[in-house]
Amino acid sequence: MGGATLQSDERSRSHQGSGTGFLGRSAKAVAAGCSPDARTWADGPRHCCEADRAQWVTGLIRDHATNISPICFHSGLSDQLKAKVWDQIHRKVVPVIVGTRSAIFLPLTEIGMIWVEGEDDAALKEPQEPRYHAREVAWLRAQNEQAVLVLSSAHPSLESRAAVEQQGIMIQRPIPPEGRPSVQVVELREQGRSAVLSQPLILAMRHTISRRAGVLLFLNRKGYAGALVCRDCGQVPRCPTCRVALMYSRQASCLLCSYCGHVTPLPETCVSCSGPRMQLIGEGTERVEEDAKRLFPHAKVIRLDGDTMRRPAQAEALWRNVEQGEWDIIVGTQLLLHRRLLPTMGLVGIVQADAGLTVPNFQSAERTYHTLLDAISLADPAEAGGQVIVQTHLSSHHAIQAVAKNDESVFLREELSHRRALGYPPSVQLIALLVSGADEKMVHDAARDWVARLIARSSPVVVRQMATTKALSSIQSLDRPDSLTVLGPIPSPVPRLRGRYRWHILVKSSERDAGLEAVRVTVKDMERIYRRRVIKFDIDVDPIEMW
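According to my numbering, the sequence shown holds residues 1 to 547 in order.
Hints may be right or wrong, so weigh each one.
Said to hold, decoys possible - Label pairs and their computed distance ranges (CB to CB):
{"id": "1", "residue 1": "Leu416", "residue 2": "Glu145", "range": "25 to 35 Å"}
{"id": "2", "residue 1": "Lys293", "residue 2": "His393", "range": "23 to 33 Å"}
{"id": "3", "residue 1": "Lys441", "residue 2": "Gln184", "range": "26 to 36 Å"}
{"id": "4", "residue 1": "Ala384", "residue 2": "Leu266", "range": "41 to 51 Å"}
It should be emphasised that the hints constitute simulated quantities derived from the structure, not laboratory data.
No experiment lies behind these values; they were computed from the predicted model shown.
A virtual CB, placed ideally from N, CA and C, is assigned to each residue, including glycine.
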C-alpha cells in the first residue's frame, strides 16, 4: 500500500500552490526535483488559469535539477501538445510530470511518488460533472500503484490530518518566531460606527508609508458594498433570476448579480415600500480604495480584485506595477494570495477578518483561518518592522484567537470539537444533493420525495408513522440506526439560479458505504420517475460548497 506523508511547511505559506501536483515514474527523480526549498511554488491570478502555476513549477524543477526534464500538462495545451505528452508517457520517457487537477488521470505507469501541493485548496475539487477531488484520486492511485503520496500544505486540511493520523506520517516545519510579524487584533465594536479603517490601522498606515514600506489592505469582497438595504422595511434588492442580494459597484454605478451578471440601476427609493432611506452595507474593495485615497491623497493606491483584473492585459499591467514597486498601498482580495514572487509588506491590514465566518459552509472557520494565515505571511518579520492589524467584530472566535496567539492548537481543538458535536467531516461523510428545475412546486415535491426515499432505505415503518403525524417538509433530520442522517429539504443558499429553482438535501453518514449506497439506489428511482419533467438531480460526494 502506498505510504502517505502530510507535510506542513509554514515557511512556504507566502508561496502557496493550488490545484497543482507532481506525478513521477521515479521517487528518487521526484525527490531530486523538489527539495524542501526548491519545491515550493506560487501561482498566477486564480481566474487566469492554473496553467501558469504548473508552468512555473516546471521551470523551477529544471533550474534546480538539471538532470531532470519535467513535462507540464494542463487543460490549456493544444491538442497537438497533449498528444505529444501522451506519446511520451506511452514510450515511458517522462521522469516527472507537473500538472493541474486533470493530470492525476494521466496513464503513467511505475509511479514512484505523487506530490499534491496545496492539498487543502478548493481548486483541487472539480465543480462540474464528474465531480472529483484530485487529492482523493491521488490517494487511491497511490494505494493502487504502491506509490508514495505526499500531501503538502502550509495549513493542511482537517480531513487530511485525520486520514494521515490513521495511515501515514506528518512532517511539520514551523515558522520560527523571529520570522513572524507582530499581530494586533482590533475589535471593531469599540471603534466608530461607520469606520471602515479603524484608528489603529490608519495610524499604522501613516507610519508605514512614512518609512517607505508597502501597505496591503486585504478584504475578500470586491465591489463598493455587499448590498443595498432599505432602513424602513429592511428589504434588499435582489436579482430577479437568482433571487440573491445584488452587489453595488460604484465604478459601474449600478447593482450587479455576482452569479448571472444581471445589472440594474441604483434605485432612489425602496422597490418594496417606496421608502427613500436606502443604505449601503458590507464594504467591498472599492469602498476601501476610496477611503485609502481620501485619507492618504499623496499615496499611490492600486486595487487588485476580480473587477480590475478581468482582462489579461489589464491584469498584467497591474502586476507589473506591483513588481516594479510603483505603489504605496495595495487594496486586494484573495487573488493576491495566489501570486508568485509578491513583495512582502511593511503592514498588512485585514479589513474584515470575520467576513468569511458567516458563509453557510461547515468549512467557513477553517477557510477563514487559512486565509488569515496566508495574508499574515505577506508581512515582513517583526524585527524588520512588519506588522499585521486584524479588524474584526468577533475577536473571541477561535479562528481569530488562534491567529492572535500564533497557536494552531487553539483552532484545531475548538474546530474539531464543533464538527464532532454537529456531525461534520472528518468525523462523518457528507453527500450534498441538489434538486433543480423551472417549476418551483415540482422541484419542491421532488426534493420531498427524495428525502422520503432516503429515509425509507433505513426504516419504512418510521417514515409511514411520521408521515401521518406531520408534514415531511417539517422533518429536519432523522438519525438512523445504520448511522445515516438526512437533513432537508431546504431552499439552496442560492434558491434560484438562472431561472431554475433549487432545493438542497444533505446526507450524513458515519459509515461511508451506507450513505453512498442509499443515494445510489434512490437517485435511480428519482430519475426514472421525473425523467420527462425536466427535473435535474445533482450529487456531490464530499462537497466543499453547499450549492
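Do the hints match the structure? See the list:
no., hint, result
1, Leu416 / Glu145: 25 to 35 Å, "32 Å, holds"
2, Lys293 / His393: 23 to 33 Å, "25 Å, holds"
3, Lys441 / Gln184: 26 to 36 Å, "54 Å, violated"
4, Ala384 / Leu266: 41 to 51 Å, "45 Å, holds"
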